[in-house]
Amino acid sequence: MKSFIKIIAVFVIVLTCSSCVDKQKRQVQYMADTDMYTPVGYETYGETADGEASVRKPVEGTIARGQVPYDYPDSQTGYEAARDSLRSPLKIQLPTDSIAQVSKKDMDNGKYLYGIYCAACHGDKGDGQGSLAQNGKILGVPNYKDRDITEGSIYHVLMYGKGIMGSHSSQINAKERWQITHYVEELRADLLK
Amino acid sequence: MKRVDKHNQTLRFILSSLAFLFLFSFQLSAQEIDSVQVRTGKKIFNANCASCHKLEGNLIGPALGGVEERRTNEWLKLWIKDNAALRASGDADAIAIFNEWNGSVMTAFPQLSDDDIDAILAYTTHGDIDKVVVAGAEEEVAEEEPSTAWMSYIVLTALLLLTLWVYFRSKNEFLKVVTTIALLLATGYYGYGALMSVGVDQGYQPIQPIAFSHKIHAGENKVDCQYCHSSAKHSKHSGIPSVNVCMNCHKSIAEVAEGTTVEYDGRTLGKEELDGEIQKIYDAIGWDKDKFQYIEGYEQKPIKWVRLHALPDFAYFNHSQHVTAGGLKCQQCHGPVEEMDEMYQHSPLTMGWCIECHRETEIDLAGNEYYKKIHEELSKKYGIEKVTVAQMGGQECGKCHY
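Here the protein sequences line up with chains V and A, keeping their order.
Heads up: take any position in the first sequence, counting from 1, add 7, and you land on this note's numbering.
Under this note's numbering, the residue at position 402 of the second sequence is numbered 384, and the numbers go up by one with no gaps.
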């Protein structure tokens, strides 16, 4: 008789444990407090012991690995200077080429990235008819052919934004910005035809 | 004679009233809005002007509603087509407005014709003629689904009572043995399930600080996943976007569209609540949506999103390896995120689940010069054209545990 009672007790306990699933809480975490599960160092986007964000800005005067410094200021004069004098490092003249040009690989990646970061507003063709512009969420997206833009000014605007367009420098790195720049130039040339 | 006079008077009266009526109706028709022109104007305005101007309230440039009352048509045409030239010609008004806006330069629009500008001005004068005033949107009565939880409680209680009766009141030994076996089986089944779910957070759906809907962003508005989670292409982590990325769109989107609803935490959030959710972004970064600028000296606060997908520290996972090199869709692991109002963990993230995919996924060997030699050797080794991730070494312990 006693063993029966034990069986019932175990059954009831197991059933209670497995039946209350609160989806807003994590499941029981076995060994979650050991360093095999939880790292000793900071987790990405974690918090320090003081409750501050673990991500920090680079120390002033230093350049993060892979980062390319950009010296044109975020102002109208900076925009004009970049438009007139900033040139792409991706345009390379091989001995076999007659003029300096961008490799196909860079152009293809530019197209791919344009689809992710630009097309929602600027449209697949660069005519300002992206899905967000068409359904009226973001207004006033220009057609590239109506703007007097150069590779320098396109890069500058990707870097700092212009008007209601924000900076995209945190999402794409310097090389990718140039790849997008060249794809935008190609779209503009197609629109001007 | 008298009668003639009268007659004349009457005639004059009739004539003058007719004239008055005619004039009045003429004026009326003059005031009637050329709706085609206004609609064209709206289109041109939205395509060219709306990034910096609104009809009411300042944006990057001044509000343009009723601008024709402030400036002449000719001046506006000169200004819109090439404001720099107008300023250079020494026009006092042009220089004054330029200085008033701290010398921010308006783009020149030489491509707009006089008709285009007239249409724009018709729109700024008359406003949005198609705007339908929504009279008190009907409140939707949410249909409460009858809860079925009570039924399972009744069944459970009945079973428990029956078991108790079998053990303490019944004299039938056979029944007791059968019940014991049934109980042991059930305990094993549920016990196994409970133990196997330890540490597996499939379906985990915590409350987030902002009722962010992936359904609206990725589904309805088709914003690419990587627009916000931009570090997935290069790094181990698919980053949570910093607030400046939110602001790339939410600078101009301070309110949700009329009639937007989001299902969150078992409740339906309407426009009012959702506008409050957008306001939380502004509170975090310090954006004044009325003045359309960042508040100077604002103490910014991070938004503390709650992490869903977390692998234990001993398992290595790299997003860029899967997204960029593997070319997988995010949905393969994260499920139909574009249909989720409230994000939840779709996959179990167990080792078995990883391995299963590694065994099934085939690698495209074509057009990959860098690995050409090793791919050829692998093909020879397994005697096949295509290799799976597992055959490439995606099942080695040290690939993920080291």
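These are calculated hints, taken from the structure and not from any lab test.
Note that beta-carbon positions come from the ideal geometry of N, C-alpha and C, so glycine has one too.
Take these hints with a grain of salt, some might be off.
As the list claims (entries may be wrong) - Partner residues are not named here, just some residues of chain V that face chain A (Cβ under 8 Å, in silico):
| # | residue |
| --- | --- |
| 1 | 35 |
| 2 | 46 |
| 3 | 49 |
| 4 | 52 |
| 5 | 80 |
| 6 | 83 |
| 7 | 97 |
| 8 | 100 |
| 9 | 101 |
| 10 | 124 |
| 11 | 131 |
| 12 | 132 |
| 13 | 144 |
| 14 | 173 |
Now the hints, each set against the structure:
1. 35: At 5 Å from the nearest chain A Cβ, residue 35 of chain V passes the 8 Å test, so the hint holds.
2. 46: holds (4 Å)
3. 49: Where the cut-off is 8 Å and the nearest Cβ of chain A is about 12 Å from residue 49 of chain V, the hint is violated.
4. 52: For residue 52 of chain V, the interface hint holds, since the closest Cβ of chain A sits about 6 Å away, which is under 8 Å.
5. 80: violated (15 Å)
6. 83: holds (6 Å)
7. 97: violated (18 Å)
8. 100: violated (23 Å)
9. 101: violated (18 Å)
10. 124: For residue 124 of chain V, the interface hint holds, since the closest Cβ of chain A sits about 6 Å away, which is under 8 Å.
11. 131: violated (12 Å)
12. 132: This interface hint is violated because 14 Å lies over the 8 Å limit.
13. 144: holds (6 Å)
14. 173: Status holds, d = 4 Å.
This entry does not satisfy hints 3, 5, 7, 8, 9, 11, 12, going by the numbered hints stated previously.
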